[in-house]
Every structure is written in C-alpha cells, then in structure tokens.
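Engineer: Letter by letter, the chains look like this.
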Amino acid sequence: MLRVSHLSLTKDKPILKDLSFEVQPGEMLTVLGPSGAGKSSLLRCLNRLNPADSGEVFLNGTEVRSLDILDLRRRMGMVFQSPALIPDTVQANVALGPFLRHETVSDNAVQELLKQVGLNSDFMARQVETLSVGEQQRVAFAQVLANKPDVLLLDEPTSALDPTAALTIENLIKDIHSRLHTATVLVTHDIPQALRFNTDTLVMVDGAVLARGNIQDLVNNTANATLQNFFKGELTPNKDTGDEESEF
Amino acid sequence: MTIESLLIAYGLIAIALFISWHNRLTLEKEVVVASLRATVQLVIMGFLLEMILKIDNYVYLALILLAMTAIAAAISGKRGEQIPHATGIAFTGILIGSVITFAVLAGAGVIGPEAKYIIPLGGMIIGNSMNASSLSMNRLIGELGHQRKRIETLLALGANARQASEWAVRQSVRSALIPVIDSMKIIGLVHLPGIMTGFIIAGGSPLEAVKYQLAIVFMIAGTASLTCMIVTLLAARRCFSSELQLLDAFRPSTA
Chain A
1 MLRVSHLSLT
11 KDKPILKDLS
21 FEVQPGEMLT
31 VLGPSGAGKS
41 SLLRCLNRLN
51 PADSGEVFLN
61 GTEVRSLDIL
71 DLRRRMGMVF
81 QSPALIPDTV
91 QANVALGPFL
101 RHETVSDNAV
111 QELLKQVGLN
121 SDFMARQVET
131 LSVGEQQRVA
141 FAQVLANKPD
151 VLLLDEPTSA
161 LDPTAALTIE
171 NLIKDIHSRL
181 HTATVLVTHD
191 IPQALRFNTD
201 TLVMVDGAVL
211 ARGNIQDLVN
221 NTANATLQNF
231 FKGELTPNKD
241 TGDEESEF
Chain B
1001 MTIESLLIAY
1011 GLIAIALFIS
1021 WHNRLTLEKE
1031 VVVASLRATV
1041 QLVIMGFLLE
1051 MILKIDNYVY
1061 LALILLAMTA
1071 IAAAISGKRG
1081 EQIPHATGIA
1091 FTGILIGSVI
1101 TFAVLAGAGV
1111 IGPEAKYIIP
1121 LGGMIIGNSM
1131 NASSLSMNRL
1141 IGELGHQRKR
1151 IETLLALGAN
1161 ARQASEWAVR
1171 QSVRSALIPV
1181 IDSMKIIGLV
1191 HLPGIMTGFI
1201 IAGGSPLEAV
1211 KYQLAIVFMI
1221 AGTASLTCMI
1231 VTLLAARRCF
1241 SSELQLLDAF
1251 RPSTA
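So the protein lines, in turn, are chains A and B.
My numbering numbers the first residue of the first sequence as 1 and each following residue consecutively.
My numbering numbers the first residue of the second sequence as 1001 and each following residue consecutively.
Source of the hints: derived by calculation from the structure; they are not laboratory data.
Be careful, since some hints might not be right.
Claimed, not checked - In silico DSSO-like links for lysine-lysine, alpha-carbon gap of 30 Å or less:
no. : chain 1 : residue 1 : chain 2 : residue 2
1   : B       : 1149      : A       : 17
2   : A       : 17        : A       : 232
3   : B       : 1149      : A       : 148
4   : A       : 232       : A       : 174
5   : A       : 13        : B       : 1149
6   : A       : 11        : B       : 1149
7   : A       : 148       : A       : 174
8   : A       : 148       : A       : 115
9   : B       : 1078      : B       : 1029
10  : B       : 1078      : B       : 1149
11  : B       : 1116      : B       : 1054
12  : B       : 1185      : B       : 1211
13  : A       : 174       : B       : 1149
14  : B       : 1149      : A       : 115
15  : B       : 1078      : A       : 11
16  : A       : 13        : A       : 232
17  : B       : 1054      : B       : 1211
18  : B       : 1116      : B       : 1211
Input sequences plus hints: build the corresponding full structure.
Structural biologist: Here it is, written out as structure tokens:
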C-alpha cells in the first residue's frame, strides 16, 4: 500500500503543496491535471528521483527514506513519458533491472514478460533502435515488470505516442493492472484518457489537490466551479506554482 | 638568430595590421597588444627557464612540477564548474596521469635526470593532461545532460551512480580522446610536429628527431588516456547526490 502524507516541494516556487493520498494494493489512482500542475514531480518524489522538502511517503507501512534507495526503486517501478532504453537487444533491456543487481533472468522469463506486454518472442533478439516508439514503450513496461514492483508509477506513458499506439498502451495498462493487481498511480493531462480509465481520480492544479473521487462523479460535480472550469479547459494554471518536469 | 632577424620577423605583424586596417576589422589594437604580450611573456619565460634549468635539486624540480599541476588543475576545473569539486578532480587526474607517464618515460631513459629534460617534458605532459582533463569534464557535462532520460530510467530501475552513468562515461572518454587519436593518425602526413621541427632546426638528424617525436606522441596518448579515465570516473560519481539523484545542474529546472 502506498500512503502519501503532507508532501511538499518548492524549487524557487511551490511545486507540490501539502499533498496527501493513499493507494491500496490492486487500486489504480489517476492523477489528472493540466501541464505544469506538478504531476510528474509528484511521481519523482515518490521514488525519490526528486527530493521532497517535507512530508512522508509510506510503502507498505515503511517510510521510504528508511528504505535502501536501490530497493525502493525496484519496488516502485516507473514508466516515463518516452522510453529511454539502452542501445542493446530487447532481451538485454527487459532483463536490465535484475542484471543491475547481478541477477539473471531466464529466456523463458523474458518471453513471459514480453508476452505480458503483447510482444512475441521474435522480439527478444531485436535491437531496440529498430522498434517503433510504441514497441519501445512496451519494452519499457516489460523492463519495469521484470523488477516485480509493489507499485507502478506511470508518468504520462502515452503522451509521446500517436493516437493508435496510445490506445494500445492504454489497453496494455488496463490488462497489466487487471492481471497483476499492482497498486498503480497513472499521471495524465488527458481528460478523455482519464475518462476511458474510469478510476479513482485525483485532480491536481498548481501543485495542490483540487478534488478526488471517481472521474465520472468529478465530471458531474457542478458544485465545484474550479473543477468544472478545468474539465471545460478554461482553467489557467497559476504561473507562479506547480511547474514540473517538462521532457519526461 | 640575431636581434635584427627577430625584428624583421616582427615586421610580419605589419601585414596583419594592414589587413585589419584595409578591411576595417578594427583589430589593430588587439594585434599590437597581443604581439607585445607574447613577446614580454616569452622573454620572462626565457629568463625564468635560464634560472630553472640550472636547478639540480630534485625536490625543487618536483615542487615546480607540482605548482604547474596546480595551475593546470585550476584552469581545467573552470571547464567543469557544474561538477562538484571539479578542481580537486582535475588535480587528481592530472597528477596521477602525469606521474605515471613521467615515471615510465624516466624509467625508459626518454627523460634524462636533468632539469633541461624534466621541466620542458614535464610541462608538456602536464599541459596535455590538462587538455584531456578539460575535454573530459566538458564532454561529461554534455553527455549527462544529453543522456539524462536514459540515466534517470536506469536510476528508476535500481541502478547505482556508476551503472547509471556508464554510457555517458563511455561516450565522454571516447569524445575526449578523439583529438589525441586523430593527431596520431595525421602526424607526419599533414604537419611536422613542433618538437621534431625544433630538433631538425637545432641540427639533429631527422631519424633521431623521429625517435623523440614518437616518444612524445606515445607520452601524449598515455597521459591523455589515463587522465581522461580518472577524471571522468571521479567526476561522474560527483554528479549524483547521496540519494542517487542526478544533480539539478544536469537536469532542466524543476522550478
């Protein structure tokens, strides 16, 4: 289980403001917000790729700062906006996480991981440079799954893809989640995508939580004018807060 | 060479001044200042060398080489200002690279046990080591920024700093060694190197000059490789925080 308590981050200006939420095993939380809301920075604070200024993050009851950083990152698998694989074969990339810990992954295990992300065993010997971006993103998912994570952090994993490839990856995420029941935090700025996932959703604006609930309920919540403005695309983010990683 | 000959040679500066004036480059003042500065610097160096080359105490000679190393490290450190402790890293790389090369060449008898060999060749080793150090740090900064996505993907998979920076280190060392490797390829074909030219002008036989030049080429290659490796490996580790985060200097601002 993932629990975030009063997480804040400031770099010249506030990026995350007192965020608190929980994600239970088997749950998927969609973090939805406009560009610059601080969504990617939030994910990066969870696996400590960015240091948070204050607040706590608990993984299965243990504060993450008391965990070995390498173990924490293995247990909190992260898929980025665009895949950045090593210049090697698909097999070497899929087995990379365990390889970094001097563990080996059998050919059968690699085949099974590729199967989970919709790639057949013919891909094993392919050089990653010969793959489409969509296929590379699938390899990135297999790479993260090879680490057997407790939590999946997905940082706009379809934003670098064309619409068809994006839909395929969306279906892959749903499929992986329904089969593995891994607690998942999905970040997106894409409202139609959030509606397609139809999960518990946390709307973030200017580094703070604007609302949380099922996406359909949030869309129908006419009492919250700011929320309605966001869904209508009429919300202008505060320029002084909530910026985030732009290229990942 | 007589002073008169030198003054006539200085007249060549007039050509540069004429070209600048004719083409309205407004470089006349800069050309005059630079040429006078070069003259003054070299004359001072000449007098200093007159004194230094008479020193026969090895401790003093070693201290002079150490001072040269410190100056080279300070200059090289500026090239890697984004890397924490860049000057210290440059000093370590230049010192180790130079000492090993110097020891091998002294052991092989290329560098004789006199100040007239120790100081000029030591200076040449340190100078080349400094170039290698500066290039290494400059390339490493570029590669860490360029490969940031891959580095952070590796960190997120559980890589340590050495593993995450492996490709950036490899590419930095490769790039930093390109000038040394390329200059070895063209030596003798495109240009006659300075030391060989000087040896022949001083009356040495061309074949003897070749032997010296080869020793110098191998010396430069050895020093550059050693310094590149040491500086890049030491610097790469400094580019990550204790919590294995790539320092902000190599990432776009998260502000």
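Engineer: Can the restraint linking residue 1149 of chain B and residue 115 of chain A be considered satisfied, given a maximum Cα separation of 30 Å?
Structural biologist: holds, 26 Å
Engineer: Is residue 17 of chain A close enough to residue 232 of chain A, meaning Cα to Cα at most 30 Å?
Structural biologist: Holds, at roughly 24 Å.
Engineer: Please verify whether residue 1054 of chain B and residue 1211 of chain B have alpha carbons no more than 30 Å apart.
Structural biologist: holds, 26 Å
Engineer: Taking only the CA atoms, is the gap from residue 148 of chain A to residue 115 of chain A under or equal to 30 Å?
Structural biologist: It holds: about 15 Å lies between the C-alpha atoms, which stays within 30 Å.
Engineer: For the pair supplied as a hint, residue 1185 of chain B and residue 1211 of chain B, confirm whether the alpha-carbon distance does not exceed 30 Å.
Structural biologist: holds, 17 Å
Engineer: Verify the proposed pairing of residue 1116 of chain B with residue 1054 of chain B, using a straight-line Cα cut of 30 Å.
Structural biologist: Roughly 8 Å between the alpha carbons, so the hint for residue 1116 of chain B and residue 1054 of chain B holds.
Engineer: For residue 1078 of chain B and residue 1149 of chain B, compute the direct alpha-carbon distance and say whether it is at most 30 Å.
Structural biologist: holds, 26 Å
Engineer: Given the proposed pairing of residue 1078 of chain B with residue 11 of chain A, does the C-alpha separation stay at or below 30 Å?
Structural biologist: OK: residue 1078 of chain B and residue 11 of chain A at ~26 Å, within 30 Å.
Engineer: Can the restraint linking residue 13 of chain A and residue 232 of chain A be considered satisfied, given a maximum Cα separation of 30 Å?
Structural biologist: holds, 27 Å
Engineer: Hint check: residue 174 of chain A vs residue 1149 of chain B, CA-CA at most 30 Å. Holds or violated?
Structural biologist: Roughly 25 Å between the alpha carbons, so the hint for residue 174 of chain A and residue 1149 of chain B holds.
Engineer: Is residue 11 of chain A close enough to residue 1149 of chain B, meaning Cα to Cα at most 30 Å?
Structural biologist: holds, 20 Å
Engineer: Run the distance test for residue 232 of chain A versus residue 174 of chain A: straight-line Cα separation, threshold 30 Å.
Structural biologist: holds, 26 Å
In summary, the structure agrees with every hint in the numbered list given earlier.
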